[in-house]
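One letter stands for each residue in the lines below.
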Amino acid sequence: MADPLLEIRNLKIEVTIRPPGEKPHDITIVKGIDLDLARGKVLGLIGESGAGKSTIGLSPAGYGRGGVRITGGEVKVNGRDILQLSKGALRNVRGREVCYVAQSAAAAFNPAHRLMDQVIESTLFHGLASRSEAVARAVKLFRKLGLPDPENFGQRYPHQVSGGQLQRAMTAMALCPEPDLIIFDEPTTALDVTTQIEVLAAIKDAIQDTGVGALYITHDLAVVAQVSDEIMVLRNGELVEYGETRQIIEDPQEEYTKALVSVRSINHQAKAPEEAPILSVRNITAAYNKSADPVLKDISVELSPGQTLAVVGESGSGKSTLARVITGLLPPKVGQIDFAGRTLPRALKQRTKDDLRELQMIYQMADVAMNPRHTVGTIIGRPLEFYFGLKGKAKRERVNELLDKIEMGEGFIDRYPAELSGGQKQRVCIARALAAKPKLIICDEVTSALDPLVADGILKLLLKLQEIENVAYLFITHDLATVKAIADSIAVMYQGELVRYGPREQVLSPPFDDYTDLLLASVPQMRVGWLEEALANRRMASQGN
Amino acid sequence: MNLLVLKLIAQRIALGILLLFLVSILIFAGTQILPGDVAQSILGQGATDQALANLRREMGLDDPAVTRYFNWLGGILQGDMGTALSNNRDIASSLWGRAQNTLFLAFWTALVAVPLAIILGLVAVRYQNRWPDRAISGTTLTAISLPEFFVGYVLMYFFAVKLGWFPSVSTVYDGMPFADRMMAIALPAATLTLIILAHMMRMTRAAILNVMQSAYVETAELKGLGGLKIIWRHAFPNSVAPVVNVVMLNLAFLVVGVVVIEVIFVYPGLGQYLIDHVAKRDVPVVQAVGLIFAAVYIGLNMVADIVSILANPRLRHPK
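Taken in sequence, the protein lines are chains A and B. Mapping to my numbering: the first sequence position 74 is 74, numbers consecutive. Mapping to my numbering: the second sequence position 168 is 168, numbers consecutive.
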């Protein structure tokens, strides 16, 4: 490689873990990784959580998060090994040669200072430009990244701008000192899909215009395919496959990479409803307090037994509020909810035990939805006791039966949530919901916090259970790929309104309304060059209007 | 400054005034419930019933409690705190002299102790769990664990008796030269500093450590900024609210809680004034001093609330 910007050789990284009740011990989380990055090139690091991708990504800054230590190998930036540098010399690399863009820009900006002061801070600190030069640079970057009113944008505080704008501002912050290398750590993961495409395009343009080298860390292969020249697939701290982007996407060699590329392989045939609806939401209008604008405006949907209704929308569209209204947590202002042949009382307190039992819920964060001090047996046994009065042996038998259903087996009954993986935790939550023998389960973003392959497993399990139990799902998600995989009917929500609703095939077929069109066009596709096409189509569409 | 902030601040001030009003009722009621009677204590055990009755009528002690409360409150609002029963002197004027002394001591103590506590807190965070942190935590904890009279006497023994640098008796008087005054308050101020330091230092340390976990501190580290600069510029502005609250509580203590120190160093402050008149059952003085102490507490906590509001960029710069 002609002019190497970054050379990593045999990188080993360890972390000390302190499990409760055991002696602290070291585990190796990165096991000898080699990589090279030439000036102006982009390398995508991809893998599931725990693959070590963020840890490797932060190594050129000589930084380890939460007690992570680099214990072996070389990390050469511009030809010198940053692991051998003194603390002071290392600080001179950070923010000057190597800059960082975090996943959550909302948390990574200091709420107490104006954006401009933060964007130019490292430039000034390292003496790379005078204040007026740095401000001019920043304004230029704001303009390049498509931020509104670039002249005055920097005068705002972080809470005054949107998440997508903050993510762009963070990119400007990384570009301002004109570094040689930028580490992008899942920069678009926290954004809505329609915002993601814009930020992704802005980042790609900025990388190309400035000629900066970049490590792009993500778990989303379709995203990284749009921006990187090469891709490195990682698993459990080891290299799986490393190659040109096109080769990885179009001709993956390893089984694991093939699985990543073909994820969402579920082939679920949408069914037409056979029975009368079990849930009818009728003309619901709801608001969080009396005077506020409604968060839901005249929403009506229906769902039949054994069917899945997917409610799709971006953050703020009101989809989670709909779940709160159906469960009675938020009594609606107008409208009623019919369930299993009766009208449900509006508020949770007025509902009978049967109302509660037949309508269960599974949450996004399985972690916080379980008591960490209860065993799996206690967690699943609780509804058995509460709704059916099961005790002792009968309860244990039923818990084992449920564990069997979620493909986990008896060995888990005495384990604590902390001993389970993310996917296993979500399975336990599913078993807890099933324990009540519900007619309807509301699934609120249940796969959003999981890695793609794990999420796939959960979706398959949910579909299998639906076959057996004839339970209906109201599936709330922002992820259109999930919707396509499992829904029988789809409701698209935008700013509290139902913009499109019907059977899956009909909702996903043209002619589209503007919003659904935008939403569908924004979902990254697993092929090189998708981003450019999508943007070109978007431009054409806006010129056509 | 925007309307939302003004509204919040106005609310805090109104709340403070209401609270002070309620406290005045409590103070008045409390002194009424106390056993004993001023006329009796002035005239002594041998007084005739007639003499007692005359004196009570003269002092208005026979009026209903509500009338007396509003007379008292009305007087205070006009700056008239009444007359001390024990020596017939105007309370407001003698109280003002004492209050000036107390404020003088409190001011100079605060000027040393508050910045010192915050700087020590910042340094403790910078060298967290290393020897500077342990040394700072250890010494400040020791100082707060020892009774204040003990600390006072130890300082007096070394710096006044053995070394003779400062006077052991901190008497001050009107027209005393400034330098002499500063010499006189050196030892009580040092004692008070040692007492309030630990509290403020530990809160600063805890509040900043809490913020040090934030993603924006990581961002600052990855910009290459140095330890103290990160703490000062990125962590401290976001931990102002809890620190200010503790600082204000300690400032209030400097005004209302220094009786022991004043007695040890014979310093003519408000605390001594209060103790003297409690012993003489001088109800009007006790009420007046009590009200002033309450006003100081409420006022300083109100300032803490207002600073917390102003320190919040979300309130200062709404969307």
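It should be emphasised that the hints constitute simulated quantities derived from the structure, not laboratory data. Each hint should be verified, as a subset may be incorrect.
Straight-line C-alpha distance at most 30 angstroms; calculated DSBU-like pairs for lysine-lysine [to be verified]:
| no. | chain 1 | residue 1 | chain 2 | residue 2 |
| --- | --- | --- | --- | --- |
| 1 | B | LYS229 | A | LYS76 |
| 2 | A | LYS333 | B | LYS319 |
| 3 | B | LYS7 | A | LYS290 |
| 4 | A | LYS144 | B | LYS319 |
| 5 | A | LYS297 | A | LYS41 |
| 6 | B | LYS319 | A | LYS140 |
| 7 | A | LYS87 | B | LYS229 |
| 8 | A | LYS439 | A | LYS271 |
| 9 | B | LYS229 | A | LYS140 |
| 10 | A | LYS353 | A | LYS484 |
| 11 | A | LYS460 | A | LYS484 |
| 12 | A | LYS258 | A | LYS297 |
| 13 | A | LYS258 | A | LYS31 |
| 14 | B | LYS319 | A | LYS290 |
| 15 | A | LYS439 | A | LYS484 |
| 16 | A | LYS353 | A | LYS204 |
| 17 | A | LYS297 | B | LYS229 |
| 18 | A | LYS31 | A | LYS76 |
| 19 | A | LYS76 | A | LYS23 |
Verification of the hints:
no. : hint                 : in the structure
1   : B:LYS229 to A:LYS76  : holds (27 angstroms)
2   : A:LYS333 to B:LYS319 : holds (28 angstroms)
3   : B:LYS7 to A:LYS290   : holds (22 angstroms)
4   : A:LYS144 to B:LYS319 : holds (24 angstroms)
5   : A:LYS297 to A:LYS41  : violated (48 angstroms)
6   : B:LYS319 to A:LYS140 : holds (24 angstroms)
7   : A:LYS87 to B:LYS229  : holds (15 angstroms)
8   : A:LYS439 to A:LYS271 : holds (18 angstroms)
9   : B:LYS229 to A:LYS140 : holds (28 angstroms)
10  : A:LYS353 to A:LYS484 : violated (34 angstroms)
11  : A:LYS460 to A:LYS484 : holds (13 angstroms)
12  : A:LYS258 to A:LYS297 : violated (44 angstroms)
13  : A:LYS258 to A:LYS31  : holds (22 angstroms)
14  : B:LYS319 to A:LYS290 : holds (22 angstroms)
15  : A:LYS439 to A:LYS484 : holds (23 angstroms)
16  : A:LYS353 to A:LYS204 : violated (54 angstroms)
17  : A:LYS297 to B:LYS229 : violated (50 angstroms)
18  : A:LYS31 to A:LYS76   : holds (18 angstroms)
19  : A:LYS76 to A:LYS23   : violated (35 angstroms)
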